[in-house]
Structure formats: structure tokens, C-alpha cells
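Enquirer: Starting from the known structure of chain A, arrange chain B on it as the hints suggest.
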Amino acid sequence: MSDAPALLRVEGLTKHFPVHGGPLNRRVATVRAVDDVSLAVAAGETLGIVGESGCGKSTTARLLMRLIEPDRGRLLFDGREVGAAGGIDVTTLRRQMQMVFQDSYASLNPRMTILGSIAYAPRMHGLAARAADARAEALLDRVGLEPRQFARRYPHELSGGQRQRVNIARALALQPRLVILDEAVSALDKSVAAQVLNLLADLKQQFNLTYLFISHDLNVVEYISDRVLVMYLGQVVETGPVAAIYGRPRHPYTRALLASKPTLDPDRRTISLPLTGDPPNPIDPPSGCRFRTRCGFADAVCAARTPPLAAPLGHPPDAHLVACHVPAAQQQAIHGH
Amino acid sequence: MAPLQAIGAIGVPPLTSVPASPGYWRGVWRRLLRDPLTIGVTILLVAIILCAIFAPLVATQDPTLGHVLGRLQPIGSAGHWLGTDETGRDMWARLAYGGRLSLLAGIAPVAISLVVGGLLGITAGYLGGLANTLIMRAMDVFYAFPSILLAIAICGMLGSGLSNAILALALVFVPPMTRIAETVTTQCRGLDFVEAARASGTSAAQIIRHHILANVLGPIMVYATSLISLSIILSAGLSFLGLGATPPTPEWGLMLNALRQSIYVQPYVAALPGLLIFITSMCFNLASDGLRGAMDVRLAR
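First to last, the sequence lines map onto chains A and B.
Just so you know, we're using the numbering used here here: the first sequence kicks off at 1 and counts up by one.
Just so you know, we're using the numbering used here here: the second sequence kicks off at 1 and counts up by one.
In isolation and in its complexed conformation, chain A is listed as follows:
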């Protein structure tokens, strides 16, 4: 965590979805989608969240936007708690925090023009129609779409990359301070994704934005993030500056994840043991450390206790935190590096 006060701070965020079944449609199980997640995003930085699909990344995003109500957890925006006395309400939060979704087509109303979609939120917040349209046109221009050509078009007439630019413009229309990008470039071609990433970097500069960048694509996260948070089965297993996470990963899961990263460099091809099997079912997660069922270093202590997210023993406290019982040095020794 940096010295700057956090723009967004989340403590103990938890969401368990009930699973109904049986003849009386009773609650038969619980999906622990997000379990006691804490994170902080400093103003001006980009926090990347990585993890396999189903690890709770998108649920976390929706919880932060309050599209889903959390079961537990405190959310502080700019030091003020959301939904608490003396804090800010959800509507105020949503003005300051916006979101870009993965599916560029589904996130635009097919019956609305591009201009209408972008101008919609400002109008709902009381901006006059003409001013809202003018702002939308300016934003279209800013995201690289010529307003004269695109303003009156409909979503199905645009390409995926163009639509995602529209979604970014729409997210910026309320002039938020923080933008959550939920797999925002994952569905795009590599070259288009690169253009959109560069656009995001430019916009961040220009509008002083803070990003929460959620993706399963390790290369993209490495490129855009200042800090990275690794999630596994609804929990944070490691967090730290991007160079530390990618250069000296401390959690076995992070290592396995990085080892699976595709690369064109023959010197860096996969040599480390790959991650096998699927993640366990979040309905009934393993006791203690949730990764122990797939971990080569798992010990008796791993089943008994949940490891806290902290600087490893014997390390000077820094911003690189890991939730693992086995010290990195010991892992190295077992692994034979």
C-alpha cells in the first residue's frame, strides 16, 4: 500500500450466494463467492485484479458498485463510508465510481443511439439535454470516434472495439474519479485490445482517473497495473507492486499462474510445474488455505488454519503481502531452484 490516502478502501467484503434446491426450494448450500476481501486503491494508481474464472473477480466489482448488496464489509470512498451515518450514499458513490463491462454489445441498449447512451446518465442526473449531448460528443471525440460519423449510429453498426470505446465514454460521462474495468479488453482482438489499453492510459492521465482493472490476462495486467492483487476462490492470496508480483512471486498459486502465462521467449518457456485440475467448488471450499488441494507445498498447518495476508516471516514489512504458511525460502528449497 502506498503512502497516499486510499481513494477506495474495502474491509472484509463478503458475499455468499444461497443455493436453493430440493422440493421446498430451501437453502441447501452457500457459494462463498467473495470471502473477507480487503483492498485499497490509492488515487491515481491502477490496481490490477487477476485470477482464474470463478475466483470472484467480477462479483467483487459488482459488490463495489453495489449492483449486488454485500453480506458484510465496509466500503470507504475518499475516506467516507458508504451507507453509514455521516458517510455517502450509494448514488453519490456511483457518480464517482463507474464501470466498464466485458461484453461490449450487451452493455449498450440496442434501441438507443450511441450519443443517447453516453448522454443518458448525465441527463438522469439533471444535466440539460443539450449540455449532455455536447458532453457526449466531446467524449466520443476523446475516445477516438468521430462524433459526426458515430453519434447517431446504433450499437449493432459498430465493431467490438468501437463499442468498447463507447462504453468507456459512457463510463466517463458522469466524470467519475474511479473506473472499474471488468475484463474490459478481454473480448477484443489483441491489436484492438492494445489500442484500447493505450486509450485507457491516455484517459487516465487526462482526467486524473484511478483504475481498478480486472482481468484474467496476466500480460495485460502487467502492462497496465501499478499494483496487483491475486484472487483465488473468493480470497486474496497475494498483493503487491506489479514488479514484485511478477518478478518475485511469493504465493505458490501466483507462481503457477505466472508459469502458465503464454510467452514467445524460448528462454522463458514453461518449466515450473503447471497448475493441474480445476479450482475446487466454492460451494464447499477446502478448510484452512483454500489453495492447499492443488499446492505442492501443502502441510498439516495449511489444512488447520487460514493463512493471514501479511508480509512473510523474516521479511521486512513492505507492500508485498502474501497469504501462505510456507515461507518463500522453503518453497524454493523444495522446488529445487
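Hints listed in this document are in silico derivations from the structure and should not be mistaken for laboratory results.
Wrong hints could be hidden among the right ones.
[Stated by the list, open to error] Some chain B residues flagged as far from chain A (calculated, every beta-carbon gap over 10 Å): (1) 59; (2) 74; (3) 75; (4) 108; (5) 131; (6) 247; (7) 258.
[Unchecked claim] Pair ranges (Cβ atoms, derived): (8) A/247 to B/131: 52 to 60 Å; (9) B/116 to A/44: 49 to 57 Å; (10) A/78 to B/144: 56 to 64 Å; (11) B/144 to A/54: 38 to 46 Å; (12) B/133 to A/38: 31 to 39 Å; (13) B/190 to A/160: 16 to 24 Å.
[What the hints assert, rightly or not] Here are some chain A residues pointing at chain B (derived, C-beta under 8 Å): (14) 67; (15) 99; (16) 107; (17) 108; (18) 109; (19) 121.
Glycine included, C-beta positions come from ideal geometry on N, C-alpha and C.
Expert: Chain B only, in chain A's frame:
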């Protein structure tokens, strides 16, 4: 919040003339015009409806006045180009006037159920949860009965008469209409643009008005158009059974029943009301198909 004008300052000047890509409904209209079958059936439908509305102008004879000596004249006889029925009334006049009630009994129940079922379905679909369960399970009860039996039962309860028949049919059509509206609303509600609207602080009422209705109305209207053909047949069926319009009022179903006994004497004349019921309901069906095709944006090129 930051000042609202901040972004406007960096932008291009507002545009006065934007070369528009055609609006959604304009596109639907354009695609409809390119479909000869749909144009054909629509023209035929308009002709039938106009004939019914302006029956006194297109048919000069009294549809209820018969001549005992001129009973069951064949098609093409002098003074009665479509022949006469079993009491000597002019068939052309009766068919034209009969269209008024038959079309009314076909369209009115669908219109009523469109409003009621549409509201119920959109409410159930948008709210989900308990409200959805209550509404949809209540509708399921109606599905236990075949539609014609349900209509007959309700008519039997309310008593015969055209308005009761319309009411009965409306009740029969509410459950399927609700189900369609609920399905499309549920689909639409889960889409990211609704989430995005919620994420920007839009109220539920505004979301339904601006985002749900526009996307849901199309499929519901297409379904309603296809129901009209069923409704015409069912209402004719109710009249045929004596539960709808009452003699001597001209109505296609009723006429079909009355002429049934003369089928061996004048088979072509006796078939006329049935033919009209068939043509009209077929036209509504084909028009609905055409409308569905024209409304599907993804097929449009």
C-alpha cells in the same frame, strides 16, 4: 462532484447536422417494405378491415332483411353476387357487416390481454423473486385448461353475449402474454446495459421506461399479432357454439353455424364465412411473421 462543464471545454463544437443512420423504427419500416408477402397480406388485411368499417357504403342491402322466396341463391345470382343465406339475406352485406363483430372479437381480447399481461409480465420479470413467483404461478393455474375449454367455461359463467366472449378470451390470453413478457423482460434485465444504467444511479422506473420497455415491446407486439388470428378463430368458435354474438346479428362464426345445414344445397355459399375467417387469421399470422423478421436487428443487412 467535479464541475459539470469540465469535459465540454475540451470537446468539439456541438453539431447541428449529424448525418443520421436511420432510427430503429425507420429501419423496421424499410425492411417491411422490402418484403412482398408482408406487404400483400397487410394490404389484404387493410381491405378487409375497411370493408368492415365502411360496410354501409360497400354493401347497399340490409344484412338482416331476408326474402323467403330468394333463399340460398348461388354465388353470382342477380342482385346477390355472393348469393343469399338460408333466410334469403344478402351474403355480401352479411359478410361485410359481420366483419365488424368478428374483427372486434378478434382484436379486442388481444388488446386487453396485451395491456394486462404485458404489465404483469414486465413487473414479474423486472422484480424477480417473490413477486415473480406469485404472478407466474398464478398464471400457471390457467394453463391447466385448454384455451377453448377455458373460454367456454368463462362464457358459461358470465352468460352469452359478445362482450362476455371478449372478456373470456381476454382472460384466456392473459397468461401466455404474461409469460412472453416475463421471459423477454427477464432476459433483458440481466443484460449489462441495464446493470450499467443501475450503476449510473438510474431509478427502477426510469430503467423500465427507457431501457426495458423499448426492448421488450417488439417481441410482445409480434406475439400479440399472432394471437389475433387465434382470437378470431376462437371467438368465431364461441359464436358458433352460441356463446358469442346472437342472431340475427351478422358474425362470421354465427353465419358458419347457421349455413352448416345448407352445406349440401349451396356448399360454396356455406363455405364463405369460414373462408373469410381462414383468410383473415392467416393474414394476421403472416403479418406477424413479417414483423418479427423486420424487427430482428441482427438479421438486418
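Enquirer: Would you pick out the hints that fail for this structure and give their numbers low to high?
Expert: Failing hints: none at all.
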